[in-house]
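Visitor: Below, each chain spelled out in residue letters.
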Amino acid sequence: MSQGIVCTEGCFIKCKNFFCEHGQKLSELLHLCSNVIEKISKGDTRQKIDIKVERYSLQRLIDSINRLSREIEDLINLNHELAIGICEHFDVLRRLQEGDFSAKASEDSPIEIVKMLGELINKLRDRFIDYIDKIKEQHREMVKIYEQERVILSSIGVAILITEEDMTVEFVNEEFERLTGYTKKEVEGKMKWSDFISEDVLDKVVEYHKLRRISPSLAPNQFEIKIKDKSGNIKDALITVAMIPYTKKSIKSIIDITERKKIQEQLLHSQKMEALGVLSGRIAHEYKNILTGVLGFASILNNKIQDENLKKYVQRIVEAGERAKELSNTLLAFSRKEEISVTTKVSLNKFLVHYSDFIKSIIGKDIELKLNLPETEVLYEIEPTHLEVILLNLITNARDAMPEGGEVILSLNEIYLNMDYQYTHPLVKPGDYVVLSVSDTGVGMDEETKQRIFEPFFTTKPKGKGTGLGLSTVYGLVKRYNGHIHVYSELGKGTTFKIYLPQKIKKSINSIDKEKLKGSETLLIVDDDAHVRQYLASFFKEYGYQVYEAENGEKAVEIFKENKDKINLCLVDFVMPKMSGIEVKKVINSINPNTKVAIMSGNPVNLKDFITIEKSISPEEILFKVRTILDEKE
Amino acid sequence: MADRLLDYSGLKCPYPILKLSAQYPQFKEGEIVEVIADCPTFEKDIKAWCQKLGKTIINIERREEKIKVTIRI
Ligand SMILES: Nc1ncnc2c1ncn2[C@@H]1O[C@H](COP(=O)(O)OP(=O)(O)OP(=O)(O)O)[C@@H](O)[C@H]1O
Ligand SMILES: [Mg+2]
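Taken in order, these protein sequences are the chains called A and B.
So the first sequence is numbered by our numbering: it starts at 1377 and just counts up by one.
So the second sequence is numbered by our numbering: it starts at 24 and just counts up by one.
Hints are computed from structural coordinates only; laboratory data are not their basis.
A portion of the hints provided could be inaccurate.
To be verified - Residues on chain B that point at chain A, a partial pick, calculated with CB under 10 Å:
id	residue
1	Leu41
2	Leu43
3	Ala45
4	Asp68
5	Asn82
6	Arg85
For glycine and all other residues, C-beta sits at the position ideal for the given N, C-alpha and C.
Please work from the sequences and hints to get the whole structure.
Guide: Quick look at the structure:
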């Protein structure tokens, strides 16, 4: 049985006899119909009229209302599905737009277009994420490249700085810190490029800086400047500048050429002295010849003339001639080139003690003479008179520089000048030296004077006081012993002259019988430098040795494997590309632990537990050393 | 106490839910919002909406025709 429906008025409208509509009031039925329609119109589609009537027109009305309800329900459902779909997709798009990529649209809507919209949003999102990932990847790559470049810039052995248009320094590297003494922190963003430039070149640099920003071709991209470091020291530098593309910034690399300049000056100075030596030597020589004539004839004249008055004049000629001859001799001492070969060894310690006693009387009471001698005795092969001339000139100069009195320190020591020293002093050979120095607390000299003191006749002293030949004589003498002179001077503070005299290499080898250097053993010489290798090989062959040569470690090992029972000694270069000398030794000794391996090096090296040979010593010495190694008992 | 009150009385579905969707992005996350409506299908809509968008329904209250739904954004 179907259920009854209660109308709004609260009365039953269901007929007791299901098939009879007369049991109902028609008006009640119509009321019911309009109530239901009204509810449907509000969206409540649960309303159904569950009545069957006999009258056809009424039954049609009821059926139509029920159908209307169903269709409106479908429409409403569709509407809601659409609305919810739109709301949801809208929300997903909004979250994506805000950067929340965890948002994902659902793809399960029963409405095809909403479902497709969801799929579309998701595809778009995936593509977007892909795109972002790629950008991130590229970004990471760029950051890597950026960091790599920064590290390269930072650690490169050239000072680098990047400046902005207003000269503010944006970046400096480690070498720049080293060059200027400032730290990165002190400089970057805080200091200006102009703070590092010496006043006398500042205008030029500022102008270049401005011009370059108008057009890079207006300013040179390489030029010399003077850099001012933290403690105010001025350094000569070579600077290379380039604009950084797309910016107003420029990058500058700076090389300190102070040392290079000094070396150039040393070379120039030595060339000048050389030229002066040649010139003055020639003149002195010519004069001496002329003077021989003058003096010769003057003495003849002296003998022939009886008149005492005239004789006086002739004697004046002779005296003047003698003075001129002496002068010529001094000049010749300056310009003379031949090495002096002396065989007498002088104990410099003893010499200086005696000499200072003697000189004290000359320098006067206002000047204190101090002697600074090493404990060990220093022997040097030198003509004592040469030593006297050198010291006399230096000490009288010191005295002249201290009219008010002061202190002269005479000191002696021995040093070894290594390769590093040679880099900055190309004219000095590395080796053992005796250093004699004379320091004073006098007036000192300016740079200009210092440059010229060794020139013959250069003097700052009043006429009649100095001839300007003192230091030229010292220079000439020191050169003849293959020595050199260093001068340190500060205006108002004092001057130090340092005389470096080379110790001769002990030529004990010369006394060794050549026969004793000979041998018939087999050697393997390993050196990547073909000259050295071939030279040594030919030398050893000459002395009877069998020689194998290898230009690198691999070759050496190969040759050694084939001849391991024959080879008695391997001479292996210390520094070689790929396999180093020590690695070669390891491999060779792993094949035959008894094979002797000596490491050869260009510079003296101190390798523990290795037999080493310096390549710079003479071939005879190498031979001697090899002989000693071969004859050594295991 | 709710942070906000939205009154959609008189609006027919699905307007209220569309309006809510458009308005809620301005709200802060975690805010408590009361929505009042009188459309009979609103309850169904807001339930579906909360489920799809991951919001929580805290309370539903009916008074005559009207319905008041409290949700957390
Ligand atoms: N110890 C010193 N302190 C300051 N200036 C010095 C010193 N030694 C040399 N000079 C400078 O070098 C110049 C050249 O010295 P040098 O010994 O060659 O000649 P001189 O001393 O002037 O004359 P001479 O030695 O021939 O009598 C000096 O005139 C002086 O200007
Ligand atoms: Mg002098």
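Visitor: Next step is simple, just say for each hint if it's right about the structure.
Guide: Comparing the hints with the structure gives:
no.: 1; hint: Leu41; in the structure: holds, 6 Å
no.: 2; hint: Leu43; in the structure: holds, 8 Å
no.: 3; hint: Ala45; in the structure: holds, 8 Å
no.: 4; hint: Asp68; in the structure: holds, 6 Å
no.: 5; hint: Asn82; in the structure: violated, 21 Å
no.: 6; hint: Arg85; in the structure: violated, 14 Å
Violation of the numbered hints given earlier is confined to hints 5, 6; the remaining hints are satisfied by the structure.
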